[in-house]
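The residues making up each chain are set out below.
2 protein chains.
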Amino acid sequence: MTGRKRNAVVGQSGGPTAVINNSLVGVIHEALQHDEIGRIYGMLRGIKGVLNEDLVDLCRESPETLGMLRDTPSSALGTVRYKVTDADYDRILEVLMAHDIEHFFYIGGNDSMDTAHKVHLLARQKGYELQVIGVPKTIDNDLAMTDHCPGYGSAARFVATAIRGSGWDTMAMGESSPIKLMEIMGRNAGWLTAATALAREIPEDPPQLIYVPERGVSLEKFVDDVRYWYGRLGYCVIAVSEGLRNEQGRPIGEASGTGEVDAFGHPRKAGAVEFLEGLVGESLGVKTRHDKPGYLQRSFTALVSPVDREEAYEVGRAAVRAVIAGETDKMVTLVRQAGPEYVVDMGLAPLAEVANAEHLLPPEYLNEEGNGVTEALLDYVRPLIGGPLPPYGRLAKHAVEKHVRPWPG
Amino acid sequence: MTGRKRNAVVGQSGGPTAVINNSLVGVIHEALQHDEIGRIYGMLRGIKGVLNEDLVDLCRESPETLGMLRDTPSSALGTVRYKVTDADYDRILEVLMAHDIEHFFYIGGNDSMDTAHKVHLLARQKGYELQVIGVPKTIDNDLAMTDHCPGYGSAARFVATAIRGSGWDTMAMGESSPIKLMEIMGRNAGWLTAATALAREIPEDPPQLIYVPERGVSLEKFVDDVRYWYGRLGYCVIAVSEGLRNEQGRPIGEASGTGEVDAFGHPRKAGAVEFLEGLVGESLGVKTRHDKPGYLQRSFTALVSPVDREEAYEVGRAAVRAVIAGETDKMVTLVRQAGPEYVVDMGLAPLAEVANAEHLLPPEYLNEEGNGVTEALLDYVRPLIGGPLPPYGRLAKHAVEKHVRPWPG
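Top line first, the protein sequences correspond to chains A and B. Heads up: the first sequence at position 8 corresponds to 8 in the numbering used here, and the numbers run straight through without jumps. Heads up: the second sequence at position 273 corresponds to 273 in the numbering used here, and the numbers run straight through without jumps.
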């Protein structure tokens, strides 16, 4: 440490989550505690804020605003999906140097960690003293080197709650509308879809079937699965990852190859859920419905996991402590301790090892049939949603003796 | 009163809501208070439970179960969409008489009130002493003779919360994905879609545009509206009723007449939101997204309106008090008192006047342009969601002075 104040910059990148602003506030709160850190700048719209030199002074934000941000969805600094080119990195360094920025915090997923890593490499090559720390964020839960990702627990709580209510609705509708599909976010990783299993209190509860991209799905098997549960319960609720693939590994829906076009003559982007809904409706001859909660999954701040909210805040704080400790080129990780209680410590992992990896559901979390999850997955995800979902009431339905002849209707 | 115990039956009909079980519990709790009432039977799956003589004894349910039902979505007795035929009414009366049922409570929308009214008429014609009371329920808020319908306030709170979070997500994404549409339930009535306006704290907040079935929409005007807001804010969020119609009164989407077929060769049922998403994406040349919260809107018990939850319970209790008072052929109504405070009394309206009416958004609740709502609508719906949505944090974003030349990128 030189005694000289070193400025910091923080940005948010990729898709927002319901708790990503907690990480931003964590960075700001912790940075304000350290005399070594001078100004705390925010980049507007992620790395584009650096490229455009669109920086804001976060030290001047009120404590009230920062407190409210902890329950505000979306990325407060704005976000971006932008592939940084090799030519951009010189520009990034130029802007950082012009503002005496020597701490670089980037909140995002694996693309963002790749950007952060490359910023680090260039700074080192140019001899510029820059400490780069990544802060993990993604509802997809697909980052390597960390037990889980801030943002996932809240999205998991939301989708489990959503499919539970919607599934019970289908249970009540019965023969009027017995098949319900719900499309859950996740193009390659099925972590979020798998978490819908938390909706069940008893094994027969919805969702009865869960399909994730890690397993290729046979359309015949899919229809048989639905037919089985429909026959057994009179209804069936199905969780489907948006990125579901068939047995050949091609996306379902797009893989249908029917040459359908939309009103503008462009190929229809029928998703997996629309395709499967049509398939099962046709095969069983019953009414089907689907929900697509879409962006609610990453923005429903009204129902977050308190555990996730707190961890999102703490990874932000840990990132600042890491630079104070002299670290660079690392991402903060969550390290789950062994034992019956859920305890998580903060760790660090090399950015390079996160940048080029995608952590998918391991086989032991998926059942053999490829239409559900295992107890091990439930044990993994249950603590992340911050406590069990509240129990639902179930009528005992004591039957009254019949007195008249059966209805011929 | 004869001193003789008269049995009661209660059923749930039509689409469930997040609070419909409160009305069931309200009926049971109140009925248990009155010695005049003997057994309280539940019909399984609405009127089909009477036709099939599938009755359950609700007096034998535990107080704990009834308490939990107040926070359980779906219709606990099961529900049905079944058009009762003239021949069925004799059967209904036969089953009611076989169980000495002289109080008939039916929780549902206007189809259900029609059924209840016809049961009343037949009983009177046959000289059977039956008291029939309807209990209002619908998220569509389209029942006549009542200020509003239990179920609507919770659905309104949910959709306002949903589009607010998803809309702020779009705000943060900006140019990466600037147009978001959300499909809100409502085939003929736009009450629920209109309630998304509660998501705004300031006039520029999402949703910037709101379209309801009561107004025919010109596709040209729609695109112009979106273009205006996209130009002004860099993004635009749009609430669209599922039953949106064009200027000729035909459903948008189905009205497109492109002859598209699905994978099975059947005509595509592209909804309004899918059609409009394609239209606006094509016209503006930007990425678009849509959410379809679907059945979450009527089942998300994790976020109900406390006002709505309580009113749903009270209309159930009021129905029982009505039969004790000797009433029949009536539906319980909510009567809003004039004055600055929100105060609601219970009233009664003739079933016949509810059965054949549909209460749509009046013109004074819609703006002249046909793309938004008025302050009068906000004043109407605000109290129903049980208090304002929590404020969100907004960074002041104090700009930092630029030191380097503009980025050519």
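None of these hints come from the bench; they were simulated from the model. Honestly, I wouldn't trust all of these hints.
Same chains, same names: a pair is fine if it fits in one copy or spans any two.
[What the hints assert, rightly or not] Here are the simulated PhoX-like pairs of lysine-lysine, each with C-alpha atoms no more than 25 Å apart in a straight line:
no., residue 1, residue 2
1, K397, K5
2, K126, K83
3, K221, K287
4, K126, K402
5, K287, K402
6, K118, K221
7, K5, K126
8, K287, K5
9, K83, K221
Structure-based check of each hint:
Taking the shortest alpha-carbon separations for K397 and K5, only the inter-copy value of 22 Å comes in at or below 25 Å, while the best intra-copy value is 70 Å. Proximity of K126 and K83 under a CA criterion of 25 Å is satisfied intra-copy only: 22 Å inside one chain copy versus 77 Å between copies. For a Cα distance limit of 25 Å, the shortest separation of K221 from K287 inside one copy, 20 Å, qualifies, whereas the shortest one across copies, 35 Å, does not. For a Cα distance limit of 25 Å, the shortest separation of K126 from K402 across copies, 22 Å, qualifies, whereas the shortest one inside one copy, 87 Å, does not.
In this homomeric assembly, K287 and K402 never come within 25 Å of each other (Cα to Cα): the closest approach is 31 Å inside a single copy and 60 Å across copies. Proximity of K118 to K221 under the C-alpha cut-off of 25 Å is found in neither arrangement, the shortest distances being 45 Å within a copy and 46 Å between copies. In this assembly of identical chains, the alpha carbons of K5 and K126 lie at most 25 Å apart only when taken from the same copy (21 Å versus 92 Å across copies). In this homomeric assembly, K287 and K5 never come within 25 Å of each other (Cα to Cα): the closest approach is 66 Å inside a single copy and 42 Å across copies.
In the homo-oligomer, the alpha carbons of K83 and K221 never lie at most 25 Å apart, since the shortest distance is 39 Å inside one protomer and 35 Å across protomers.
Going through the hint list in order, the structure does not satisfy hints 5, 6, 8, 9.
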